[in-house]
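Chains as they are written, first to last, in this note's numbering: chain A, 23 to 459; chain B, -17 to 309.
Keep in mind the hints are simulated off the structure, nothing from the lab. No incorrect hints appear here.
One-sided and incomplete, this derived list gives chain B residues near chain A with beta-carbon spacing under 8 angstroms: (1) 37; (2) 40; (3) 47; (4) 53; (5) 54; (6) 68; (7) 71; (8) 79; (9) 86; (10) 274; (11) 285.
Beta-carbon label-pair distances, calculated as ranges: (12) A:288 x B:302: 55 to 61 angstroms; (13) B:167 x A:442: 31 to 37 angstroms; (14) A:185 x B:138: 38 to 44 angstroms.
Cβ coordinates follow ideal geometry from the N, Cα and C atoms, glycine included.
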Amino acid sequence: MDHLLIARSQMAFSLGFHIIFAVIGMGMPVIMVVAEAFYLKTKQPIYLELAQRWSKGVAIMFAVGAVSGTVLSFELGLLWPEFMALAGPIIGMPFSLEGFAFFLEAIFLGIYLYGWKYVPPKIHLFSGVMVAVSGAFSGIFVVCANAWMNTPAGFEIIDGKIANVDPFKAMFNPSWFAQTFHMTVAAYITIGFAVAGLHAFLLLKNRNREFHKKAFLIAFYTAAVFTPLQFVAGDIAAKHVADTQPAKFAAMEGHWETETHAAFNLLGFPDEEDEVTRYAIRIPSVLSFLAQGDFAASVTGLKDIKKEHRPPVAVVHWAFQIMIASAMFMSLVTVIGIYWRIRKRDLSTNRLLLWLSVACSPIGFVAIEAGWVVTEVGRQPFIIQGFMLTKDAVTNVPYLSVTFTMFMLIYAVLFLAVIYLMRHQVFLSMGGDDADA
Amino acid sequence: MLTPENLVALIMVVALIVYVLTGGADFGGGVWDLFASGKRGEKQRTLIATVLAPIWEANHIWLILLIVLMFVCFPSAYSTILTFLHFPTTIMLFGIVLRGSAFVFRKYDEKSGGLKRLWSLMFAIGSIVTPFFLGVILGAITVEQKTLEALFLSWLQPFPIFTGLLTLVICAYLAAVYLIIETGDVELQLDFRKRALISGTILLCLTLLGTLVAYYEERNLFFELTEGPYAIPLQVITTVVALSALGCLYKYEYRLARFFAVIQIVLIMFGWLITQYPDLITGHLTIAMAAAPANVLVTTITILAAGSLLLGPALIYLFLVFRGRNR
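Turn these sequences into a full structure, and let the hints guide you.
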């Protein structure tokens, strides 16, 4: 592999790893707090048990998220020193704020996890709420910084040096809302289904029914509340990308010709040599509608973008297909669940819904990873859209393959360890009989 | 002069000192976990784990705050240091990852046996590697190199290795001194008193030796350490405080010992600050040269001020809730 590709792989790998734990850190506290609030309201010990069991998982996931996040804050400079020398001060505000949000999250998580006996119940619940709120803000701030890379704003370049930096304009750059809204909603849906799926599995195994039923319902409804919002967020994001990043949008669709009434390419194989997408199912005019809300609108094709400024089309196109398919599947399961609820049936005894929820368990994460491939690979060859090429930002330090291999190994071990611990310490401990609850 | 960039640099130094005093002691806990021995070995480990559990994540964030301030306010220093000290930084990151994750893995792995020993070992290795390489990095930017390129291998020289060791011993010493007060078990107190006396003595010898290493290896640094109106008095005061801390430990005055130990570490780091100012990378990059545009600095300082209004009370509450819970 060449130098640039190794650096990009290491970054992609570290981000792809961290994002899983970051999302868990955003979403888990929400359902944990919901369970605790139910406990304080109903005094049913089963809810307390739920909050405590979930918090064990949160403790493990948060620690791995914190250390892998620390790695990223250094890796930006280890791998992309030229980028950070330019961008550091401009996107400093969201990063500083993120530092504070993360700090608060860690403080209140300490109180939440270890303070059950030491602080009054209301303060304990408040700590949980603070973990959830600061977790959400952490995510939003980091995504603001990423949004700046897609639609840079709030600075000028005069004689090769940055000038007139406006930290507010940089943070609230044109993409900030579309991206943070889309990502935050994605995190809650993903966690809702991940947890619902886990407890659905245990319900199917007939373990500790009352306990897992409550757990399943809290998680499933969390996902169900946020799923409709994602249609709004996704639509805003798509129109925004079409408007501000035509190359990314065209790559997502494998769309080559600039035309009105543009067709939506479902599946298909983009061929960058012949500049055509083969074997796609073409749905006429839908792409124009997605891009601008008008079936007759003109959509820029890849042919109108300089060859050296085109992202890798096939990767972006397929990542987008995977994201959309995942979203559709989760939405379908939500609809089935809501339909069942409207007919006043017990969701936790519907085996079809339970199996579908099990299937949804990993799918949110798939959608999130795919979405990040779309936004990051789709911006290539730029690291800052229109301003700096990724190849001009990379470090000149040799032997990157050594550190890359080491990181891969360590993260692989961590990942296996987390799975082992979740399985043996959290998952199985929930499998006991009713007396256990 | 209190320019915005100097103010940010001062805040960073304070954050670094707080990080060493809190997060550093957590690493020291890992060192004593490795050296846990005797028939109370398991008890020592349990004490370390229960004291660390609620606070280590929060203590760790000081480092993140530091690195964020670095790239926001001194972007060229951040890029230069991470380019030329790529390898020691990467090794430090491995240490951070191992320590943090192994600590929770061990805590939540309820089965004892091979894996639990592996988590323990990872935790201990991470706790040693991280402060050592943090010290190496600080030492490497302190010593003047002829060219920036020379910085690339500078961390393998005697002085950075020495500062690495010094940092490691500081962490171990602080941990031992803190842990004495965290337990009500007199035998455990004596165990950690012994450890504090040993590591405190080593630390005192190392700080005195530091001047010698500087004399033979880094003549410029030596002059900074010994010249100037504050240099010699500061060294004398630091030594007196160090001896007082050891004396209090010897006399079983644990709280007073902790007070002197903290002052001693602050003085050591303050002494380093005086020799380092106004450089960020000695001989190549000063605070003023590396500073981001003034309005960015002012915005950052404002955020820090506003944020600490929220953060300060929360942090104090965290420490109050868990203070002395094992006594």
